[in-house]
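Read top to bottom, the protein sequences are chains U and P.
In terms of my numbering, the first sequence opens at residue 1 and continues consecutively.
In terms of my numbering, the second sequence opens at residue 1 and continues consecutively.
To be clear, the hints were calculated from the coordinates, so they are not data collected in a lab.
What you are looking at is a predicted structure, and each value in this text was computed from that prediction instead of being measured.
The C-beta atom is built at its ideal place from N, Cα and C for all residues, glycine as well.
Where hints are given, some of them may not hold.
Claimed, not checked - With a Cα cut of at most 30 Å, we get these calculated DSBU-like pairs of lysine-lysine:
#1 P:Lys208 / U:Lys102
#2 P:Lys150 / P:Lys34
#3 P:Lys208 / U:Lys35
#4 U:Lys91 / U:Lys102
#5 U:Lys92 / U:Lys35
#6 P:Lys34 / P:Lys261
Unchecked claim - One side only, chain P facing chain U, incomplete, derived with CB under 7 Å:
#7 Leu72
#8 Glu74
#9 Thr75
#10 Asp77
#11 Met80
#12 Ser87
#13 Phe88
#14 Phe89
#15 Gly97
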Amino acid sequence: MPTVLVVDDEFGIVDVLETILIDEGYRVLTACNGKQGLESLATERPDVVLLDLMMPILGGVEMLAAMMAEPAYRHIPVIMISSLGENVLAKKCIGYVAYLRKPFRATAVLSTIDRVLGGRANTGIL
Amino acid sequence: MATNPTDADWQAPLERVPTGIPGLDIVLHGGFLKAGIYIVRGQPGTGKTILGNQFCFNHVATGHRAVYVTLLAETHDRMMQHMQVMSFFDPTRIPDGLYYVNGFRVLEEDGLKGFINLLRHEIRAHEATLVVLDGLIATEESSQSQRDFKKFIHELQAHIAIEGCTALLLTNGRGNTYHPEHTMVDGLIELHDVLFGTQAEREIEVHKLRGTDELRGRHSFRITNRGIVVYPRIEALLARPSSDDQWSDERCATGVDQLDKMISGGIPRGTTTLVLGASGSGKTSLGLHFLSQSSAEDPGLFFGFYETPLRLRVKAAGIGIALDGVIEQDHLEILWHPPTEDILDALGNRLVEAVRRRRVKRLVIDGLLGFQEIAADRPHRIGRFLTALANELRALNVTTFYTAETRNLIGGAIEGPTIGLSTIAENLVLLRYVEIRSQLRRLISVVKMRDSDFDPSLREFRITAAGFELAQTFHSAEAILSGFPQLAPEGPAADQAALHPPGQ
């Protein structure tokens, strides 16, 4: 049972993602900012991270940078989720493997996770 | 020993943070005070979120940074989807200039104290000089008591002051009553959605604004593709004209030579003339004559409600007035505003802006009824509105023609507009129909002309392919004002022959 870490400050989005992922058989961890996300990584080893860009305390850019700087986390594929277009995101974030633009559909989330886990890619954009 | 304070003893005036929202900074007298805390309240759908976002984008466009914090509000992606159709929305400013965070979970888990810490952290981390909190009501609902909530506001006030950050707190509010937190903040602004008959209109009202001589009362606003556009209430905006009244003994030619002869060479410059007449009597045509005299030194503006620019040009050409040249040389501008669902103050602001933009000196407002129709649900405003407008136009040394329709087509009794004529018109010109021997004839008369000698006699006139043609005199019987004129037996044969040659 793959584990997904959802890091987003919007509780509505976290709740929805948690529900649909559990329904699909995933184990789900949640965090409402990058700091909590990194704390979660210290104790858990998710198979994939769904990471929001803008969050309080520690944003997605900073959490992703911290993961890339840490060999223990570098291999964990990160899917960025944001309201902004990928052109904006690509300038800020280095190391994510896929991107989902909000608002997204459940099918898009599930197929992206499926692709990421299937390929285990951790470099470049899928 | 008491000493007189020196300049150094006084603090510099508080810096203002302009919102960049068209019209709002005029109402706020330049913007919010830097490091001030302001509540914006209004029912759902009144435009609070747009106002908050527009302020943020305008703020970051000037090189500053802002943080937008939501609580129980729409999700950021939905918010951005709604904003992206508006011209102020610039995604390239996100996240470096403008940063969106949701603080609800922190509020839920750590309470008000944790939430204050989050705000403080975000302001510092992003070096924000503006923070918008969308959903203040959620913090109130998280408070154990009213005292807790006041303490939260107080702490927030202290933090933003020390960071030099201005805060805007958006809330639905609770009813129309006032609350203790309103006494603590630097300003309270309310957004309304008001129904006038079947027409809905948005209004903004500043209840409180510390250290500011704001434009009090309600002001209309619209949500457009530019975002919010506020139209300051004309009576408040122009309560005092923008400059001192000007006096000139110069005359402004009407474009009708015979009429100018009746009024000592023309209309006194910088005065307001009401041209009153029945439908089709020639009011607009007289206005077009007046504007045909527009020039680089004397720019003109036609501000009308009923006839499109194309129809006006055709109409003018039909009576020998060549408008195309003066329009092409930018000596004349035609603005058309059908009196449908418009806002009275939007029209007033547009008119004043158009006059100032081109330093207009000749103005025709064609159809006072247009203003009256738009203000039909607030008839008490129209008199004050027109008075304020007329005062400003005089201060700008604009010579203005208003046309207004009389209700009766033919007859002696003149039923003019219901508003007080004397407040807006220093000069009055009447155009009338009379029936003589089963024919309709037109009469013109000057009823008053500011501080000037004028010929008060009635004149018959015709509108031909060469424009207005006035007779020398109209020798009618004393019954003419009753609407039943009889040509005097010794009548003016020369006038009649000139205006009505045989066969016509």
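Results of checking the hints against the structure:
Distance hint between P:Lys208 and U:Lys102 is unfulfilled; the C-alpha atoms sit about 39 Å from each other, more than 30 Å. Among the hinted pairs, P:Lys150 with P:Lys34 is consistent with the structure: their alpha-carbon atoms are about 21 Å apart, no more than 30 Å. With a C-alpha separation of about 40 Å, the suggested pair P:Lys208 and U:Lys35 falls outside the 30 Å cut-off, and the hint is violated. At most 30 Å may separate the alpha-carbon atoms for a hinted pair to count; U:Lys91 and U:Lys102 meet this at roughly 18 Å.
Between U:Lys92 and U:Lys35 the CA atoms are separated by roughly 18 Å; this keeps the pair inside 30 Å, and the hint holds. Taking the CA atoms of P:Lys34 and P:Lys261, the gap is about 60 Å. The hint is violated against a cut of 30 Å. Annotation: P:Leu72 was flagged as interfacial toward chain U, and the flag is violated, the nearest CB pair being 9 Å apart, outside 7 Å. Annotation: interface hint on P:Glu74 violated; nearest CB of chain U at approximately 9 Å, more than 7 Å.
Annotation: interface hint on P:Thr75 holds; nearest CB of chain U at approximately 5 Å, less than 7 Å. Residue-level restraint check for P:Asp77 holds (minimum Cβ-Cβ distance to chain U is 3 Å; threshold 7 Å). The interface hint given for P:Met80 is met, as the beta carbon of that residue sits about 5 Å from the closest beta carbon of chain U, less than 7 Å. For P:Ser87, the suggested interface contact is broken, since its CB lies about 18 Å from the closest CB of chain U, more than 7 Å.
For P:Phe88, the interface hint is violated, the least distance from its beta-carbon to any beta-carbon of chain U being 16 Å, above 7 Å. For P:Phe89, the shortest C-beta to C-beta distance to chain U is roughly 11 Å, which exceeds 7 Å, and the interface hint is violated. Checking P:Gly97 against chain U: minimum C-beta separation of about 12 Å lies over 7 Å; hint violated.
Comparing the model with each numbered hint stated earlier shows that hints 1, 3, 6, 7, 8, 12, 13, 14, 15 do not hold.
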